[in-house]
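Top line first, the protein sequences correspond to chains A and B. All residue numbers for the first sequence refer to this note's numbering, where the first residue is 13 and numbers rise by one. All residue numbers for the second sequence refer to this note's numbering, where the first residue is 540 and numbers rise by one.
A hint or two may mislead.
As the list claims (entries may be wrong) - List of simulated lysine-lysine pairs, DSS-like, C-alpha gap at most 30 Å:
hint, chain 1, residue 1, chain 2, residue 2
1, B, Lys692, A, Lys57
2, B, Lys836, B, Lys819
3, B, Lys688, A, Lys57
To be verified - If you want a taste of the chain A side facing chain B, the calculated C-beta under 7 Å gives, among others:
hint, residue
4, Gly660
5, Gln790
6, Thr794
7, Arg799
Stated by the list, open to error - According to the in silico footprint, chain B covers these stretches of chain A (three or more CB under 8 Å from chain B):
hint, segment
8, 121 to 135
9, 371 to 382
10, 453 to 465
Keep in mind the hints are simulated off the structure, nothing from the lab. Everything numeric in this text was worked out from a predicted model, so none of it was measured. Each residue gets a CB set at the ideal place from its N, CA and C atoms; glycine is no exception.
Each chain, letter by letter, is given below.
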Amino acid sequence: MPGKLKVKICAGRHLPVMDRASDLTDAFVEVKFSNTTFKTEVYPKSLNPQWNSEWFKFEVDDEDLQDEPLQITVLDHDTYSANDAIGKVYIDIDPLLCSEAATVICGWFPIYDTIHGIRGEINVSVKVDLFNDLNRFRQSSCGVKFFCSTSIPKCYKAVVVHGFVEELVVNEDPEYQWIDRIRTPRASNEARQRLISLMSGELQRKIGLKVLEMGGNAVVGYLQCFDLEGESGLVVRAIGTACTLDKISNTSAAQLPACNSPSKEIKEAPFSEDPNPNTYSSGPSTPLKNQTYSFSPSKSYSRQSSSSDTDLSLTPKTGMGSGGSAGKDGGHLKTLLRQQTQSALEQREFPFFTLTSFPLGFLIHAGGVVSARSVKLLDRIHNPAFVGIMGNTRSYKLLDWNSFTADEPETRDAWWEEIRQEIKSHAKALGCHAVVGYSESTSICEEVCILSASGTAAVLNPKFLQDGCLDCYSENRLSRQPTFFSTGSEKGEFDFFLQSKDSSSMLGLEDTSPPSCGFCHIPYDELNMPFPAHLTYCCNCRRQKVPDVLFTTIDLPVEAAVTGRGCLIQARLCRLKKKAQGEANATAISNLLPFMEYELHTQLMNKLKLRGMNALFGLRIQISVGENMLVGLASATGVYLTALPAPGGIQIAGKTPSDIAYEQHISNIQKKINDTVSRNKELYEIHPLEISEEVIGSPIPEPRQRSRLLRSHSESSDEVSELDLSHGKKDAFVLEIDDADAVEDILSLLTDAPLPTGFYSCNTENMPGIHNWTSSIQMFTTVRVFRLNNVNLTNQGLNKSFNDLCENLLKSLYFKLRSMIPCCLCHLNFTVAVPEDELIQVAATAVAMTFDKDQAQEILKSNTAPMKAISENEEQLQFPMELSSDSPSVQTFPPSKGFLENASPQTIQGTSRATSVDYSSFADRCNSWIELIKLKAQTIRRGSIKTTPSLDKASPLAEGHLRLRSTPSCTDSTVTVVKMTPLSFIPGAKIIKYLGIINMFFIRETTSLREEGGVSGFLHTFIAEVFAMVRAHVAALGGNAVISYIMKECVFMENSNKNQAQCLINVSGDAVILIRESEQEGVPIQTHGSTSQTPQSGGAPVS
Amino acid sequence: MDSNEVKMSVELDVFVGNTTIMDEEVYQLWLDGYTVSDAVSIRMKSGILEQFGTTEDVLESDTMDHYRTFQMTERLLHHPSKLVNQVLFQIPPHRQAMLIERYYAFDEAFVREVLGKKLSKGTKKDLDDVSAKTGITLKSCRRQFDNFKRVFKVVEEMKGPLVENVQCNFLLSDKLARDYAAIVFFANSRFETGKKKLQYLTFEDFAFCACQLIQNWTVGAVDNMVEDMDVDLDKEFLQDLKDLKILITDKDMLDQHKSLVCTGLRGKIQVFNEMEGNFKNLSRGLINIAAKLTNTKDVRDFFIDLVEKVIEPCKADRWLISDVRAFLTQYTNSARALDGFKYVQSS
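Next comes chain B alone, as it looks inside the complex (with noise of 0.2 Å):
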């Protein structure tokens, strides 16, 4: 009997569907970067063979064909919008999208490892190192880096508000569209966010707060009639922040400003001594912050520094978020009050 088995190898194996079959559970595998044979045992877990009655052969041609297909859509997917005039592929609308939407989505891991770096060739290379410290595949890695530079090559230059630019040309959804306003800003003005310090940070926070420095620090927050520019912080803006550190030299200034902090806050929060106490110094933490901000490094250590000279100090005295927030609008609110400032607001 053995003689008259044939060996047989499958020399050729393809299959194509008018309407171009996805499997989105395959498609997720390609994306996290296993290989054929890996996609295949880890669809065997699943209990799909059993579940239909099949072999690993199928299982392992349907694989096969799978990413074959998703290879050759990837040339498509670097340009979304070319996806969609594509005529090579009959992808209905809703699994376009999804396509576009998960070959965007990015890991937590690997976000938290790149954010802020610069996004060149050089850190490219370290992905490896990337890769074995987040478990992430580095096939996974590079085409998370690689979107992230692509989005970032193409919305750098562009006028007009960032997050609607990265929807417009990458088709995302609001959230990964908001989310990539946010890499591109970070990756632009290079935040550090990878210090041991920032470590407890998730993205969701820096992506919190990159959308409010563009929404409030940007050349396009301030004026959005010309020059409109999501990406870099508005220099003029800057610059006028050292105004502020009157408030730190100026004694009376200080003082002044400290009344009014402590008369607003009094009985509305738990640390009010503890605030009392160390006014001064939260106050000189803030404000050098905001005064050193026109130097391209310190914004680099931006959100360092935030955490060295206001969280942690009020961390160390127990302080509740509540009365952080509290503290931060009696903060402004009463430094507006003071005389000096009081044409800040009109002009």
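Only chain A is shown next, with the shape it has when bound in the complex (with noise of 0.2 Å):
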């Protein structure tokens, strides 16, 4: 018996009338974890009832923790009749276990009932004691930590990287269970929360044993989805990075990680390295030497086990022991390395990666994107045996849908891997042995389902890959450490790359950083190329091949050389598809699958040279299955990689025989596209330097235009079908138009609205060229549903509208936030479904950040009124106490009272506000000033109610000030502030503690949809109430914000002539204590006395 869980109940609040009589409610609380259950005693006729409750106490083994969620229950006790249930709450103890992760678990949480939604708050407080238990045996894997940041959460080193860990596990679906037919659809929904949560429990205690078994002790990049599969069930999935992670021990180390990091390598850098340009300064390597490299790199595969014997015993032994540690012997630890790599990601079955950034000099090369597609048909399940498979048969009894195929996840393992053998297979093609940014998804319509992966293929260093190797400290702001670079390029996988450390380690003793351009350097050999692909040498090193284009799922490198602004690319379209049933329709959708593949890369290519760009980062592909149309929306960020050459322009190319009016159409199309890619050159300031024509000339003749997206298809069957991606043009870019639908193609490149002035916008963690962040952020998410209302559909009709519905989205997206111009929308992920004939989904969750107009000046040049603003809030910022009424406030936080009252003392406040504001001699200024600020925030407030036009510019600090003033004490907020993000950081402030990952599941159901305010007003109201538990679970377990939030699942039903509607959201992020940056020297709790103490004494003499 290794635990007990502690729970106590304290109080409620504004909980609903539940006795009409009486305007009251008579509350008491059930307390259910497994199968135990305690009550509160009932606090009679109060909607605010004290329950102050002892500790229940639960003892549990530690398998249960992970799996069960607690479930308390508030009711209202009614002596007649049974108990009314007002709502629930579901606290996932996880964070709990972990003993760097949160301690306890105590605060308001939201009472969710799944058809009114939240009704009142209950104030709970849950403690776990743990023992220790060294069963070998043991089936739970606490202690694992689990992080969606899909990057080394900031406060950890990662020693080792180990690999992929994946898990999924199946049920039946309560929704389609006979029982449903009789119960309520509250019952229904609180089956489904309570199964989803239960199997999410299970599904991280199995990876955390995988972890466990692999060595490692947290899980990076950890991604779960579900799939609701209809009638043949239920699947809970989940993969991740297992990784060895150390807590870097104290906050002022990791403000300077160069003299923190133990490791010795650091010091004997400059030894390593010494050696080197003398050993192998035999000049620039010319591409000739390279043909000395002649195998494929798939035979290098096979030959491998072979080649390392020799190698082997041609290597001194005393290499091995040293491990990782950089080569002082550069020839023979090389061939030990390389062979080290490979073995070490042979031994996995899948080298895949979920991260997206990485440690400095962890990514060597990256490739190119690999995906696969599948589709297949869910089957029914036949097999009338169950099988309590899943372990922990007990709390599935009480649920009473003990049901499902002993082979069924089996099934759903098999088609996932054969799907990441195929990318594996393909990584393997273009040169590389592992896959980075990797990610899986699913679409589901009916029966068909498509299944989809896709990464990036790269080629790493095996220093993080294995046990007992250097230390790695993954600090952005370090612009490089030698011993990375040399290390990494040393670790070349095949001889070809033996030339390339020769020049690439030189190059790091010089001045120039390599790191900047290494990963886009090909892995592959140029001479047995996967595919045709156009070679020049890196623009930047002059010294190694680059692709002319290059697209990666990745995040752009913190250390990439790249020139002036990034910007994201979109690529929209639609298939219409016949209505069809079973295999039909499955080989239908495959047969689409290629097409619209082909499509969206050509859309994006041409968007990409639109925009002077020769590279995309954090590319999605997504395709949706509707049942009568397929949906594809492609998603990157655009850059231009200093080190790849300069795009070619885009032409025009029309019929042969063509008359002169055509021809003047033909040239006006051409001089828009080349206006419009001059305007954007200027827009993402892309001047990049010209380079001789003598450096890029590539030797072997390469005249088809290529691109790295390789991806095939597979039906239920096996069969691979790969596609040529060849445009098949000579010269640049030409595109030909030979009928209408090709101008409509290519009009439709130049209909993508420019950005607004002072917008940025990125789907990824870091928007090249901006770096300068304010702390102002504005995290959101918006969802549209459009019918398509013609019944003659057509793909180029459909396509149009789907574009301007992503269009008007994000201008749309432009409009709201306007005020936090200037500004960058990051992580602006679009999410499609089919929902319905006819009907689709569009749903985004973004964050939105202000950076310092420094930057943005020169380009905001031409607009002035944008400028003003700017400027205007710059005034703000550097006097924060100037009264000037006029700044945007819409997104800023004043330093404000009470908002720490009632929070756990460690609990910190992490303020919105750029600057940082000195708050003992706030207090002082404070008092002078409030007289001044009285009577201005009076004219402000009685004056411009009905006058200014631009209202929402008033002073937020003299109504800061008001409100300190004219607030009585007596009411302060109980709410703690959380921020949320996509991102892994937040600007500005400094996260000193991860608290445990948040994976929340709600469904919402209506049956008044018009009361409430019709479909919008329902969903509206659903997303706040999902963000505000969210906020109160992390607030409960003692932080202040989420980062790498994401809405992972959005399922929205209607019936709008039954006035029904339901929704489920699936949620995840990481929970974390930040601090401002500039506080980071303080000690966490003196800034919070002083921040809750300062505006009392600022209020007290006017109040």
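Assembly of the complex is requested from the two constituent chains, each provided in isolation within its own frame, with the hints serving as guidance.
This is the structure in structure tokens:
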């Protein structure tokens, strides 16, 4: 019995009126964990009950602790009839099982009902006493840390990156059980919520076990998804990257990673590097030398085992002992390391990494995007043999649906296994031994399911992949660490790379910084390329070959050299499909897929060139299936990589025989395109240095324009169809207009509305070219559903509509967030779904972050209006006490009182003010200014109510003080401010602690849709409720922010005729404690004290 | 091409920020009771489309989002302390203060129509007349009326200073809390303010009077230790006012009073002669008003009586405001100096 769970129910507030007669409620609480239930006393006749219960103690094994959620039900006592449930709270106690995460969960949780939404809050405290269990055969994996973030968490360093972990569990969906016909929607929803919570817990535990087996202690880039397969069941699956993480002991050390790093390697670096130039300085490597390498990448794998033996015999054993330490003797060790890399990765079934950004030196080369899709038919479960193979049978007995076939998970496993194998072979074909930025997704419509996987083929540095290797700290601010770089290049997998090592390690000692281009260099053999490509010498180091374009699914490496800024590029596509059933439907879909991918790819390429850029990062291609159409959406962040050659222009070619008018038309389009390209170059500040022809010239004649997107489709069968993505055109990039459709296509290229002045957007973690973020952020979720009303749908019309839909959504975002200018919408990823015939749903969760205008100033010259706002904004930042009544205020939180009142002591307020406000002097000034403020604020309020056109510019500070002054202390808020972001960081703030993963699943249903404001009103409330519940859980863990937040699922169904709607939302993220960057030297507790005291001293004398 | 055009309708459109975005301009339009389409056209007239290079669709979607947010916030705004402690919307404190303050702000034209009326269902039914008369939308009228009524209900029976009660329960600014105190006070005593003769008075004028009355004539004003009630006029005090009648019924007293006032004011006011000639009438007017205040009906007519019996005669004689002030001060002080009144001071 390795754990004791303790729960205390303190109080409730804002409860709904349950007794119409008295307008009050007789509330009590049931606390349930596993099979044990406790009850509090009934607190009669109150909407704010004070139960103040004893500590309810559950004695449970840690397996249960991991799987089961704590279930708290608030009920209204009724003497004569059954007690009415008010609502429930599910608390995931997993964060308490890890010593480094939260120690206590304590706070106000919204009481949630799937029919009525949030109905008041309940104050709960939860603790866990864990007993050490040394049982080797244990089924639990307590203590393994989980992170949603796809980069190494900020206060940890990666000692080893072990690799891919995956798991899936399957169950029958309660919604589709026979009993669902007789039970209430509420019971059904709750059964579903509870089941998914349980399955998530189990999944996490199983993944944890795998991590422990691999010798790791954490999962980074953990992505859990569920597939609602309808009648055939419910699949919860997860993937992640197992790592061994070391906590960076103290914050001051973390600030100075260079000094902190205990690794001897850094000290050794000069020595290990010194001999290199001498040994290998044979001048610049010529392409000819590369010819000595002649076997194809795929062959190398088959040869590997035999060759390693010979290598081993040649290698001094001493080298082995030192493991990954940087080589003192280049030659032998390189061979050894190369072989180690291979073996390290070969050991793994799937050398995949869900990470999208890496410790410096981890990523050596990125080969290009690899993706695989497969269309499957979901089979109904015919097997009547109900076997409880999910280990934890008793939990299911309660739920009464212990019914799934034993082979079910295997089927799904096999499907994914197949796809992963495919990805792996694609990566091999690109000469890469690993796949990074890996992700998996599904799209289900009725009984058809498209499974998709994609990633970026890559060559990695083995040092991070083995035990006992060097410490590596992924501090982004470090511009370069010679050790890592040089070892990185030594780790070349093939002899081929020995060449590259020579030149690049030399460069490493020179002033240029090779990590800025190393990852662009091709990993495959130039003479045995997996596909024809146009190669040139790297424009950065001029030593290695690079492709002309690079598509990847990862984030732009921080060290990469980039010209200008990046921007969001989307390719959008709809294809009609005949309605069909079963096998025929699956065939139809898989026949369409290659064409969709091809077109999406062409669009991406065109749009990339139109922006004068040459690389895509964070590429996500989503293809969703509906009954009568397929919708494809590709999003990526385009950049101009300095290392890659400048993209050629786009040339339009008409049909061969043509009249003058037509020629005119063509040249008009051509002109428009050219204008757009040059305008975009201006906009994104793409002004690359001119490079002389002789350097660029490729030694190998390469006429064909190619891209590196390798993918295939397989239907239920294993057939793999490789598609030639060549555009088959000579010369730079020619678009042929041979029919009206093509004209449309080209014109549609130009319809992408330019970004409004002051806005940037990207779908990745960092925006190339913008660094000086302020701390003002606004995370948002937006959902739109469109109905296509035309009966005679055509592909053309459909495409245009879909394109407009996405453009309009973007326009709306720009308008809504206009007060944040200059700002960048980061992590702007759209998710498309086809919930019904003729309905298209687009959802996005992103964050708008403002940045310092200094950098943006040049661009904003043209437009005066935003400029004004910006200068005002800055004024306000510089003089936080200035009573300017015209600074944008929507998103700023002035230092405020009361927010910390109820927070646990370790909670640190991370305010979003850009400037650091010195709180003590703030208080003093407050007093002296208060009279003036009083006057000013009053005028502002009274005077501006109807007159000023831009009212949202009223000074936040003035009003902030006004509030301090006018609000009596009895009404201070007890709600902690919790920031949310889809990124792994919050600008201006430092993460000091990770409190655990947030993974929540909610269902909301209504039978009074009109009364709740229609579909929009219903969903608006629900999303706001989800945010509120996430914030409450984070606050209860002692945190003040959620990072890497994503909405993984938003399934919305409506039946307006019946006045009904249902929505399922699944979100996840990492709960963290933030402190503002300027405070990190101080002790957090002090900060806490002063923040809450200051406003009181400021407010007291006047109120 | 036409057949290619796919008609699309937006079925659902939501935008939810972690920090709730609230545009003050749209908030005001919502408060003013405009429909979404009216609000959109008003916003368009402001040139917002050109300024941000956007389209009407976008503006409509934005307006709808805001309206939805405001509707969802409205029930919280009814109990501002709930807004502060609610979890659904993350709103920075200064924005909360703005929301509350604006929600409880009222139009001068509206308050003048309702001030002193019983805040009953009947009055609410007549709001469409008020709306027609003032040009304020019915929706806005209802909100303002409901605000008055809500504040009234909460503080009506509450002990302690009225202004502070309003402020503490509704988190309003000093100024607005004082205004509400006046509204509650007027509604409670049902002072008539709507008569034609009173039309020239602004709400501000009445609010000032209310403030004075609360400070000087209520139970709380006399004794702030027990039963501290600011809403009701002090019955005992009103009863005592009857004793003032002696100032007009007793001839000697009247003369004595008059001569004291005249002595004090000679050469100090412009309208001395008029005052001297009219003293008896003025004094009678004032004292009669005071003496009748024990009747609820007469309390209601307090302001109309003041205008008719005191202000209008003065106006007719072209008194200056300084003259009136000087007269009233002298009038009060002289009365205190009279023999029969000395005990009043000591008690």
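These are the hints, each one checked on the structure:
1. About 21 Å separates the Cα atoms of B:Lys692 and A:Lys57, which keeps this hinted pair within 30 Å; it holds.
2. Our distance criterion of 30 Å between C-alpha atoms is met by B:Lys836 and B:Lys819, whose separation comes to about 25 Å.
3. For the proposed pair B:Lys688 and A:Lys57, the alpha carbon gap of about 26 Å is at most 30 Å, so the pair holds.
4. The beta carbon of A:Gly660 is not positioned within 7 Å of any beta carbon in chain B (closest approach about 31 Å), and the interface hint is therefore violated.
5. The restraint placing A:Gln790 at the interface with chain B holds, with a minimum CB-CB distance near 6 Å, inside the 7 Å limit.
6. Checking A:Thr794 against chain B by beta carbon gives a least distance of about 4 Å; that is within 7 Å, so the hint holds.
7. Using the Cβ-Cβ criterion of 7 Å, the hint placing A:Arg799 at the interface with chain B is satisfied: the shortest such distance is roughly 5 Å.
8. Under a criterion of three residues with beta carbons nearer than 8 Å to beta carbons of chain B, the stated coverage of the segment 121 to 135 of chain A is upheld, 3 such residues being counted.
9. With a cut-off of 8 Å between beta carbons, the segment 371 to 382 of chain A has 0 residues touching chain B; three or more are needed, and the interface restraint is violated.
10. Residues of the segment 453 to 465 of chain A with a Cβ under 8 Å from some Cβ of chain B number 0, which does not satisfy the need for three, so the listed coverage is violated.
In this structure, the earlier hints numbered 4, 9, 10 are contradicted, and the remaining ones agree with it.
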